[in-house]
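*Asks:* As you go down the protein sequences, you meet chains A, B and C in turn. Each residue of the first sequence is one higher than the one before, starting from 4 at the first, in this note's numbering. Each residue of the second sequence is one higher than the one before, starting from 12 at the first, in this note's numbering. Each residue of the third sequence is one higher than the one before, starting from 28 at the first, in this note's numbering.
Mixed in with the good hints, there may be bad ones.
Unchecked claim - With the C-beta cut set under 10 Å, the calculated list includes, among others, these residues of chain A facing chain B:
{"no.": "1", "residue": "V50"}
{"no.": "2", "residue": "V194"}
{"no.": "3", "residue": "A195"}
{"no.": "4", "residue": "S449"}
{"no.": "5", "residue": "A478"}
{"no.": "6", "residue": "E481"}
To be verified - Simulated DEER-style distance windows between Cβ atoms:
{"no.": "7", "chain 1": "C", "residue 1": "T82", "chain 2": "B", "residue 2": "G189", "range": "16 to 26 Å"}
{"no.": "8", "chain 1": "A", "residue 1": "M4", "chain 2": "C", "residue 2": "T82", "range": "49 to 59 Å"}
{"no.": "9", "chain 1": "B", "residue 1": "E317", "chain 2": "A", "residue 2": "A489", "range": "14 to 24 Å"}
Simulated from the structure, these hints should not be mistaken for laboratory data. For each residue, glycine too, the CB sits at the ideal point set by N, CA and C.
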Amino acid sequence: MLIYESSQPGRRAKSQAPANTETPASIPASLLRKQKALLPETGEMQVVRHYTNLSRRNFSIDTHFYPLGSCTMKYNPRGAHRAALLPGFAGRHPLAPEVHSQGFLSCMYELQEILKDVTGMKGVSLTPMAGAQGEFAGVAMIRAYHEARNDHERTEILIPNAAHGTNPATAVMCGYKVREVPVLDNGDVDVAALKELAGPQTAGLMMTNPSTCGVFERSIKEIAEIVHEAGGLLYYDGANLNAILGKVRPGDMGFDVMHMNLHKTFATPHGGGGPGAGPIGVGERLLPYMPTPIVGKEDKDGEETYRWLTDQDIPDTIGKLSAYMGNAGVLLRAYYYARVLGREGMHRVGEFSTLNANYMMKKCEEAGFQLAYPGRRATHEFIITLSDQAKNLGVTAMDFAKRLLDYGYHAPTTYFPLLVPECWLIEPTETEAPDALDGFIEAMKSIQKEAEENAEMVKGAPYTQPVRRLDDVKAARELDLVWKPAASEE
Amino acid sequence: MPYIPHTDADIQAMLETIGVDSIDDLFDEIPADILSQPLSQVPEGISEMEASRLMADRAAADSNVACFIGAGAYEHHIPAAVWEIVGRGEFMTAYTPYQAEASQGTLQVIYEYQSMMAHLNAMDVSNASLYDGGSALAEAVLMAIRANRKSKSKKVLIPTSVNPLYRSATHGIVENQGISIEEVAFCSDMGTTPLSALEHYAGQDYAALVIQQPNFFGCLEDVHALTDWAHANKMLVIAVVNPTSLAILAPPGDWGEAGADISVGEGQPLGIPLSSGGPYFGFMCCKQGIVRQMPGRIIGRTVDLEGKEGFTLTLQAREQHIRRSKATSNICTNQGLAMTAATIYTSLLGADGLAAVANASATNTQTLVAALTEIDGVETVFAAPYFHEVVIRVPGNATDVLAKLAERRVQGGFDVSTAYAGMDDAILVCATETKNAADIQSYKVALADVLSA
Amino acid sequence: MSNLPSELRYLSSHEWLRVEDDGTAVVGITDHAQDAMGDLVFVETPEVGSSVSATEEAGVVESVKAASDIYAPVSGEIVAINEALEDAPETVNQDPYGDGWMFRIKMSDPSEVEQTLSADDYKALIEEEA
């Protein structure tokens, strides 16, 4: 039931609003609202119960193993959430004077320094509000760099065809044409094809490493050389940074600019699809173009003080990406996580996420599932393909995924990357204990048996969720996006 | 290690299953010469107790201030229930609702949110939210250019009375796509955009006119006349509005003869803490006819195979994961948690409660203005009626005055000179429903003290 | 095997073209294309009066999980569109060569028709892709 449908005219949560006052007479009547907005009318307890019950209709990390590939669904520390909501942080106005902001600014400055260290970059700006905005800032900086050198012939961004859809969408938002680079059957980029494609028209290459195929790009140094020799810059999509955190730094692989998804690698909550944070890191050449604001530190009369660096400090900046400084509350959570993890903990993230994924991959293989890239190491994730099951049993990767929900596991990423038919991209993360991984494998084996014995049953899954499979075609053909009162009540 | 549950025995057993001797062996596909050296700038790890103490100390350093700054982010009372519920792990630690059957909670909240936003704005449809108000305006500009079939132009008109922080974010986001933004001057007596400033553009090809209500100075524009002018000149109207104000002010769907075409704004006033500027959320609504040009996630109501009502992502073919380089935007998230908070907030307040917040804020700002202008040399700058923000003029330099107020733990307002040349003595002040008579009095005392020194 | 009327011409991007007696050309998508897309939920057609060039994008078809551009097989002016598809995109699934037509072009260079594929050529192409 919708909150609207339990609404009763005149019912209110009285303690939540100030005493009624009149609208000031100075506001002309023509500018006032004529008809009261159609919002729910309900009581405080009714609201609390409604939304608490809705929350229980969700899978989440806190309730279920959630091995969603490329999304890094690791534990989100409760302590980080509590810290970000401390009154001094939650109540700080974005335009508060610096003298009232030293606590907040010091956290941001130190986070910048930590992120520089773990990525091997020379500068960090925290301001992008999501990975996609980080990508946008990164490619806009590449553009600013070429333009500053009067190099106007560079009109193309190269992108491996296994890439996330955001990469090409971002390149277009920055005014570039996209050229796709093929990926070989072993998951590596086709270096010979890349050599053909790179040239004086190349502004840069956008790449994820480990790639979306769940393998580490072995030719990375050669790829970097080819692109740099052609005069282009290398963009690192940090979607899979968790795989290598503490083991390899994008800066050391030759990347010039990157974004990090703090909601993945630094354990800030995904929140059902946001908010995230997508800070960018840059090498020497792009330092002058970083998006503002950035936090700087100064020694004032022997005392360390922090202040905002703006376009006056960074005159060639690509500018601002939001009204203020980005998703500060998410950044505070990431800072907390980094401090608790510390140096040693940071080195262990890549190691244990990789250990868990390789363990699961081996177990999947032993259970008879087909690996997409047999013979390769898993990174923090790996791919299986269910195309045999689809062909022989008529049970698709989507059917397996839906049935898995009945076993109490969230499905892995399905049908991505697009290159591998009937695929699952599986990412366990380092915060899962091996018993959770074993439970998942047992469920897989059981579903395989069900698919062989009773395919129709699997194809009808799920059975235990609040709803069965939904009619997406009806949803798109007969758009119902907004609740409206029944015609008789109007 | 923090958050890693493996015992030594676990590790040994797992390595044996995989068939390697050590964890390092799992990295043997990576060229050895790029493997990391020990990190040098990351401090040693600390316990939750130590981290909590560290964060509490830093937060305390920024506390105990009286804030009269608005400028797009407003301090409103947030009911305790809002963040208690949003903080439930089932909302907080879920991902994007791609598996609809396992995400009905998140999906229904979004559908309810879309309904509330559409009704509050008196528009046909809403998306599931964008990053913030500033970037929502940028997306609205891009959308208007796609959606305006009468116009071939990649130009839009934006009055300078529109929030300068939004204008700069918009500029940064759209400029690489060859879009140009032309600024329209405001009337320096009234603080609003007069039709006479637009006459010059009549009959020319622009995709859209942006109208902010209340505008950055808190002043109320003649939205009906501006909307009708834009439509007469084949431009779409992009409304930028404050959601609290919509409880009492004419909503974008009611502007002029035909209403605004796209409506966006900052959602922060609806239950989101100030939190240094984010996470907030940007809302976006539009008319039904241009819904396919809308960026971002959209949820629809449908039925399952037994005919039971359910919710699912819809119109996905517009989005980056399907359309790739031809997507309406590269955005892949909404601001889920902030949007959830706003949905709960709006349910708790309802139309009457929200109107009470709006009225109390407007009334308190009038009280503040009356108090401050009793001080010699302090006066209001613009003559137009206002909602809950006002530009005042102080004797001397606003930047200096604000710095001296800060020494007295008063955040006196937004320094207008940082965004508008020639307005060196101007401060944008705001008092919401959270301010009482004593707060207003202490601001007055502090300002009088600063000015007399 | 999907239905391929021999009197039509085809594009490798899965549009069909029928030249009418009045010299205009009617365009739609093939049975093979509608089958591969699945249930269509939206069809975007060009505007009447606009001009298109051969092999240029002239519209979009969307299913729930895919979107595909429709290319103009020949150059010319759009003289009619199938307005019924706005409310009933499923018509393309049901009758791709009849009621599911999308737009009509007044050709500026009828010789461009020769560049398109015959039913046999198109059949060979989709068999190769499979």
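*Asks:* Hints first: check each against the structure and report whether it holds.
*Replies:* Cross-check of the supplied hints:
Restraint check, V50(A) versus chain B: the minimum CB separation of about 5 Å is within 10 Å; hint holds. Of the supplied interface hints, the one on V194(A) is violated, with its beta-carbon coming no nearer than about 14 Å to a beta-carbon of chain B, more than 10 Å. Contact between A195(A) and chain B, as hinted, is not supported at the beta carbon level, the nearest pair being about 19 Å apart and thus beyond 10 Å. At a threshold of 10 Å, the smallest CB-CB gap from S449(A) to chain B is about 18 Å, leaving the interface hint violated.
Given hint, A478(A) at the interface with chain B, holds; its Cβ is 4 Å from that chain's nearest Cβ, closer than 10 Å. Restraint check, E481(A) versus chain B: the minimum CB separation of about 8 Å is within 10 Å; hint holds. Take T82(C) and G189(B): their Cβ atoms lie about 24 Å apart, and the range 16 to 26 Å holds. Taking the beta carbon of each, M4(A) and T82(C) are about 52 Å apart, inside 49 to 59 Å as hinted.
Checked against the given bound of 14 to 24 Å, the beta carbons of E317(B) and A489(A), roughly 23 Å apart, stay inside it.
Hints 2, 3, 4, counting from the list given before, are not met by this structure.
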